[in-house]
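Peer 1: Spelled out from the first residue to the last, the chains are:
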Amino acid sequence: MTSIRRQLLLWLLTGLALAVLAAGARIYTQTLAEANEMFDYHLQQMAASLPNDSFGPLPPSSTQELEVEDGLVVQIWDRNGLELYFSRPASKLPQRAELGFSTVKTAHGSWRVFSALEQNNVVQVAQPMSVRQTIAAGMALRALVPLLALLPVLGILIWLTIGRGLRPLNRIAGALGRRTPDSLDALPQDKLPLEIQPLVQALNELLARLARALESQKAFVADAAHELRTPLTALQLQIQLAERAKTDAERATAFANLRQGQARAAHLVQQLLTLARQEPGVTAQPHAPVDLAALARLVVSEYAPLAADRKIDLGLSHEAPVRIAGDFEALRVMLGNLIDNAIRYTPAGGVVDLALHLRDHAAVVEVSDTGPGIPDEDRTRVFDRFYRREATQAPGSGLGLAIVKNIADRHRAAILLENRDPGPGLRVSLTFPLA
Amino acid sequence: MRLLLVEDDAMIGESVRTGLQQDGFAVDWVQDGRAAELALETNSYDTLLLDLGLPRKTGLDVLASLRRRGDAIPVLILTARDAVADRVKGLDAGADDYLVKPFDLEELAARVRALLRRKSGRADPVLQVGDLAINPATHEVSLAGNPVALSAREFALIHALAARPGVVYSRAQLEEKIYGWGQEVESNTVEVYVHSLRRKLGANFIQNVRGVGYMIPKQT
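Residue numbers (my numbering), protein chains in the order written: chain A, 190 to 624; chain B, 44 to 263.
Because the hints were derived from the structure by calculation, they are not lab data. Do not take every clue at face value.
[Said to hold, decoys possible] Using 30 Å as the maximum straight-line C-alpha spacing, the simulated DSSO-like pairs for lysine-lysine come out as follows: (1) B/Lys100 / A/Lys435; (2) B/Lys261 / A/Lys407; (3) B/Lys100 / A/Lys594; (4) A/Lys435 / A/Lys500; (5) B/Lys243 / B/Lys132; (6) B/Lys100 / A/Lys407; (7) B/Lys261 / B/Lys162; (8) B/Lys132 / B/Lys162; (9) B/Lys261 / B/Lys243; (10) B/Lys132 / B/Lys100; (11) B/Lys162 / B/Lys100; (12) A/Lys407 / A/Lys594.
Just so you know, these numbers come straight off a predicted model, no measurement behind them.
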């Protein structure tokens, strides 16, 4: 698992360590360069200041040493190459004839050598490079050690700061963890770091949407249960009457009523199911090309028997070759509900027309009837679930138009209800945008 | 006993009316609040069965204006609203009883009988007038302990008269008690039933008040 805290700590400390090392390297090279300059000068001075005359041939076991500092070694030869003086016999330095500065590699490390011709003698002053390197390294280390010692302290500080910064996240996680499924009020948004605010805000918006969805679901279930009571009450009464029936005629009537009651309850349940399936957010069928004209013919032929039964002239009055992207079954349910409504509310002898037009890059489906129409004040409420207009005599679940609305919304279709002019009658127009 | 049923659902209304008629009640049925008020103004009922979710005028409004007019008719609310708050509201608005849908026909009839009993100030479910005992729940009638077989209309007539001994009912009033709307009233029907009741219960049990109507005298 990735941890922001651990990653930040790791990368910050690595970066810091690299910076410290780079600084150390820079200090080292700079100091070394300065030391070189200084010591070279020193070597030169040394060579110049040697008392040349005093040297005779070396005594075999000379313990006399010219005091040399900084590991300096002095060698003096005469012109003939005879060693006159060697300050430190142990250190073997190659005899160099080259005058001036040179760097010599020996088995004991690198040496910086300065040779000069003083009168008749060759004076060579040498110094191991390690001396200069040690000095440079020492400088670098003195600068680095406090910085390196600071690293753990910085690490702890970073750890604590990030922990502090992330604490609101823990707080939110805790608050969310303690929630019950139905406590969906917003999380507190005050005193939040800038970086976490968008997250909490998005969470709050989600919670609000969930709360609304849950609320409407609860209301729906309550409404549905309430609405189911009516057909169930009728069924219970009808069953009792059937049980009480004493004559065959009474029994036949009772059973006919019972059958009607059962059909009504079944219709309501069917509509509830359809509505639940067409709820927004429910995984719906993917949209496919739908031939609206063919669909219109199909729905009209499906409802022709019902229309004939009610003495209503149902027909397809105009059609246009229109295809839209949609869910065929849902569209069929929608058109069916509209035509069913029109047939139910239109008195016998009336006309119900389905028409299909192509207007301004939109497919328009119209269902018009010669029924009583809907007064202006009820036009929006009729789409509410279980809303049935007062004094409605036609049987119904009160769900038909709610289902139509859901399906239309899913197809981004606009619904318009208008009373026909001249009346009477209602016209329902569905406008589908054509892609 | 004549009841007014106010119920907007056709199937429920139809079934309740049929069921209560089978129990010997005369039932008038209307489907909205306004029609209920009109019926209450033009007829007299022994009990009102009231749905709450009514078109045009809600049941609670009908009840409120009824009580405001000082009408003490027993009211039984029939509704799908089962929350305690709804029951309290209904009872506080002046209802005498509250029955939640779905309900049982037998229970409905029993509650109506209880309301009628309370209205006439009796606690005993059996009406007793002299030797005559009438049980409205079972429709059993007995005279000095011997069961008497009566038709539904005969029962309705004797029940109406025995509920208020000493009160004279006109022929029209008695017809109202026996028949609901739409039930065809045969001519001389009250006379016919009084005649057969006299045959079964004794000639002087129901007395004719000439020019006014019929009564069962108060027993001393």
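Peer 1: Now, for every hint given, state plainly whether the structure supports it.
Peer 2: Verification of the supplied hints:
Between the alpha carbons of lysine 100 of chain B and lysine 435 of chain A the distance comes to roughly 38 Å, so the proposed pair goes past 30 Å and is violated. The hinted pair formed by lysine 261 of chain B and lysine 407 of chain A fails the criterion: a straight-line CA distance of about 60 Å is larger than 30 Å. Our distance criterion of 30 Å between C-alpha atoms is met by lysine 100 of chain B and lysine 594 of chain A, whose separation comes to about 29 Å. A threshold of 30 Å between alpha carbons decides the hint, and for lysine 435 of chain A with lysine 500 of chain A the separation of about 36 Å lies outside it, so the pair is violated.
Straight-line distance between C-alpha atoms of lysine 243 of chain B and lysine 132 of chain B comes to about 47 Å, which puts the hinted pair past the 30 Å bound. Straight-line distance between C-alpha atoms of lysine 100 of chain B and lysine 407 of chain A comes to about 28 Å, which keeps the hinted pair within the 30 Å bound. A distance of roughly 18 Å separates the Cα atoms of lysine 261 of chain B and lysine 162 of chain B; the hinted pair therefore holds under the 30 Å criterion. Distance check on the hinted pair: lysine 132 of chain B and lysine 162 of chain B sit about 22 Å apart at the alpha-carbon level, within 30 Å; holds.
For the suggested pair lysine 261 of chain B and lysine 243 of chain B, the alpha carbons sit about 20 Å apart, so the restraint of at most 30 Å is met. For the hint linking lysine 132 of chain B to lysine 100 of chain B, the alpha-carbon distance of about 17 Å falls within 30 Å, and the restraint holds. A hinted pair counts as satisfied when its Cα atoms are at most 30 Å apart, and lysine 162 of chain B with lysine 100 of chain B qualifies at roughly 26 Å. For the hint pairing lysine 407 of chain A with lysine 594 of chain A, the CA-to-CA distance comes to about 20 Å; that is within 30 Å, so the pair holds.
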